[in-house]
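The chain contents come next:
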Amino acid sequence: MKTINALISASNVSVIRHHKSILKNIDIQINKNDFITIIGPNGAGKTMLLKCLMGFYKPNFGKIQKKDKLKIGYMPQSINVINTMPMTVKNFITVRKKYDDISFKQVVSEIDIRQLVDKQLSVLSGGEMQRVLLARSLLNNPDLLVLDEPAQNLDISGQLSFYKLIQEIYSKRDISILMVSHDLHLVMVSTKKVLCLSNHICCSGKPQQVAQDPEFISMFGKDMANMMAVYQHTNHTSQIDNHLIDGEIK
Amino acid sequence: MSYYGESIAHSSLLGVGLGILLGTGINFGIIVVCLLFGILFLWLQQSKILSTDTLLGVLAHLALSIGIIVISLNRIKIDIHAFLFGDILTVSTNDLWMMYLGVILVIFLVSFNWSSLLLVTFDEDLARAEGINPIYINLLLTTILTIVVAVSLQIIGLLLITAMLIIPAATSRRLANSPEQMALIATLIGIFSVILGIFLSVEIDAPSGPSIVVISATLFFLSYLFNFLIKKD
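From first to last, the protein sequence lines stand for chains A and B. All letters in the first sequence, in the order written, are residues 304 to 553 by my numbering. All letters in the second sequence, in the order written, are residues 197 to 429 by my numbering.
The reader is advised that the hints may include incorrect statements.
In silico EDC-like links for lysine to aspartate or glutamate, alpha-carbon gap of 16 Å or less [said to hold, decoys possible]:
| hint | chain 1 | residue 1 | chain 2 | residue 2 |
| --- | --- | --- | --- | --- |
| 1 | A | LYS354 | B | GLU326 |
| 2 | A | LYS467 | A | GLU452 |
| 3 | A | LYS370 | A | ASP337 |
| 4 | A | LYS372 | B | GLU326 |
| 5 | A | LYS366 | A | ASP330 |
| 6 | A | LYS327 | A | ASP337 |
| 7 | A | LYS335 | A | ASP371 |
| 8 | A | LYS495 | A | ASP477 |
| 9 | A | LYS393 | A | ASP404 |
| 10 | A | LYS496 | A | ASP371 |
| 11 | A | LYS393 | B | GLU376 |
| 12 | A | LYS401 | B | GLU320 |
| 13 | A | LYS400 | B | GLU326 |
| 14 | A | LYS374 | B | GLU326 |
| 15 | A | LYS496 | A | ASP516 |
| 16 | A | LYS354 | B | GLU320 |
| 17 | A | LYS361 | A | ASP516 |
| 18 | A | LYS361 | B | ASP321 |
| 19 | A | LYS393 | A | GLU431 |
| 20 | A | LYS335 | A | ASP446 |
| 21 | A | LYS369 | B | GLU326 |
| 22 | A | LYS369 | A | GLU431 |
| 23 | A | LYS354 | A | GLU452 |
| 24 | A | LYS374 | A | ASP446 |
| 25 | A | LYS393 | A | ASP371 |
| 26 | A | LYS354 | B | ASP319 |
| 27 | A | LYS467 | A | GLU413 |
| 28 | A | LYS467 | A | ASP415 |
| 29 | A | LYS354 | B | ASP321 |
| 30 | A | LYS495 | A | ASP337 |
Hints are computed from structural coordinates only; laboratory data are not their basis. Since the structure is predicted, the reported quantities are computational estimates derived from the model, not experimental observations.
Whenever a hint applies, use it, and build me the whole structure from the sequences.
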């Protein structure tokens, strides 16, 4: 196998399940310091694409290459917390991880979960659980962070602060991010590249390019395209802050 | 998935029958049949044709029925009652050695794979992302359950083995703060229930399995009462 520069590179990947084509001829490269957001309707194969890229499943056709010793941090949509098993947050974050005390403390303060570490998993709220999952995925200092609809179960202010956190992690760490998200207007400001998926790649590129793509407009409607255009014209950090304040007043 | 253990236990009667029929011995028969059954179940579950509950409901009772048919058609002279509900008097010194061996093997398998077992229990995808193949861990779990069923069949009986898989753990859940504590406390509660249950069965001349389960369930209710009283203060 020849060595590759990209963290993960997929060429001509197709996945067929139950006689249905889930992914069709996908080409994608994830490079160092990329921030790629995958969007697309339900059933578009977004989660399948993530799982194939991470190597959970082998595609039926095509090739996926991973860089040697690539460290991936994965944050699933949600996990099923089993009430029949007691477990503290600290215990959960560190289970099966090689870590030292310093990196644990660093992650805890980065994600701001100091007050949660001794709590039982079963008492956490949805937003707290997402932060704990994020902390777990970051503990080993991954080269690539893979997030699957990370803010799906959060309310709007929770979503805003979560994406702000992701943005901070991206700017502070030497990390690439690959994310599936429905919250287009919220991620537009931080993501570098958007990939619009509907079993095949409809369009991809910088957010503003994608927003003007006819395929994107036909899939998400003109309103969404306009909304994205509005979001890009303003400075993003102040945009998020304004929203938080808006949310509180209402 | 607690009933996964029950299904494996139900299939053990077929193992008993075949073991006697083929002259390989009961323990060998149980281990082979239970393992095959567990693997069949995992394979069917992966293919996602049926829901897990339906699958377990069908397979468990099918296995039990085939076991009883095999035993009665061949007129194998065993006390089915003893296998269903447990009879401590059928345990020989040889069986005791098998139990010691089984216990050591289970402790070894569980403690060496503890964190992987925990992570797969939480989320299979999270485990996959960290390089664990959940299929291997599920196979490991099947092996562990098979050993547990094989060594406890004669004492507890196959209809009640699930009780010992669930009740001590549920009791210990009330008292523990971590999975490790829970496993340890559950083990102690299990040992205590077996000892007290055997005394009870001698005292009132009852089968050992049900006596052990009654003690174990009593401890379960006591732990709830205890918790309730503590929270009241």
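Hints and how they fare:
no., hint, verdict
1, LYS354/A x GLU326/B, "holds (12 Å)"
2, LYS467/A x GLU452/A, "holds (15 Å)"
3, LYS370/A x ASP337/A, "holds (15 Å)"
4, LYS372/A x GLU326/B, "holds (12 Å)"
5, LYS366/A x ASP330/A, "holds (9 Å)"
6, LYS327/A x ASP337/A, "violated (23 Å)"
7, LYS335/A x ASP371/A, "holds (14 Å)"
8, LYS495/A x ASP477/A, "holds (15 Å)"
9, LYS393/A x ASP404/A, "holds (11 Å)"
10, LYS496/A x ASP371/A, "violated (24 Å)"
11, LYS393/A x GLU376/B, "holds (14 Å)"
12, LYS401/A x GLU320/B, "violated (19 Å)"
13, LYS400/A x GLU326/B, "holds (9 Å)"
14, LYS374/A x GLU326/B, "holds (9 Å)"
15, LYS496/A x ASP516/A, "holds (14 Å)"
16, LYS354/A x GLU320/B, "holds (12 Å)"
17, LYS361/A x ASP516/A, "violated (31 Å)"
18, LYS361/A x ASP321/B, "holds (15 Å)"
19, LYS393/A x GLU431/A, "holds (13 Å)"
20, LYS335/A x ASP446/A, "holds (8 Å)"
21, LYS369/A x GLU326/B, "holds (15 Å)"
22, LYS369/A x GLU431/A, "violated (32 Å)"
23, LYS354/A x GLU452/A, "holds (13 Å)"
24, LYS374/A x ASP446/A, "holds (5 Å)"
25, LYS393/A x ASP371/A, "violated (30 Å)"
26, LYS354/A x ASP319/B, "holds (14 Å)"
27, LYS467/A x GLU413/A, "holds (12 Å)"
28, LYS467/A x ASP415/A, "holds (13 Å)"
29, LYS354/A x ASP321/B, "holds (9 Å)"
30, LYS495/A x ASP337/A, "holds (7 Å)"
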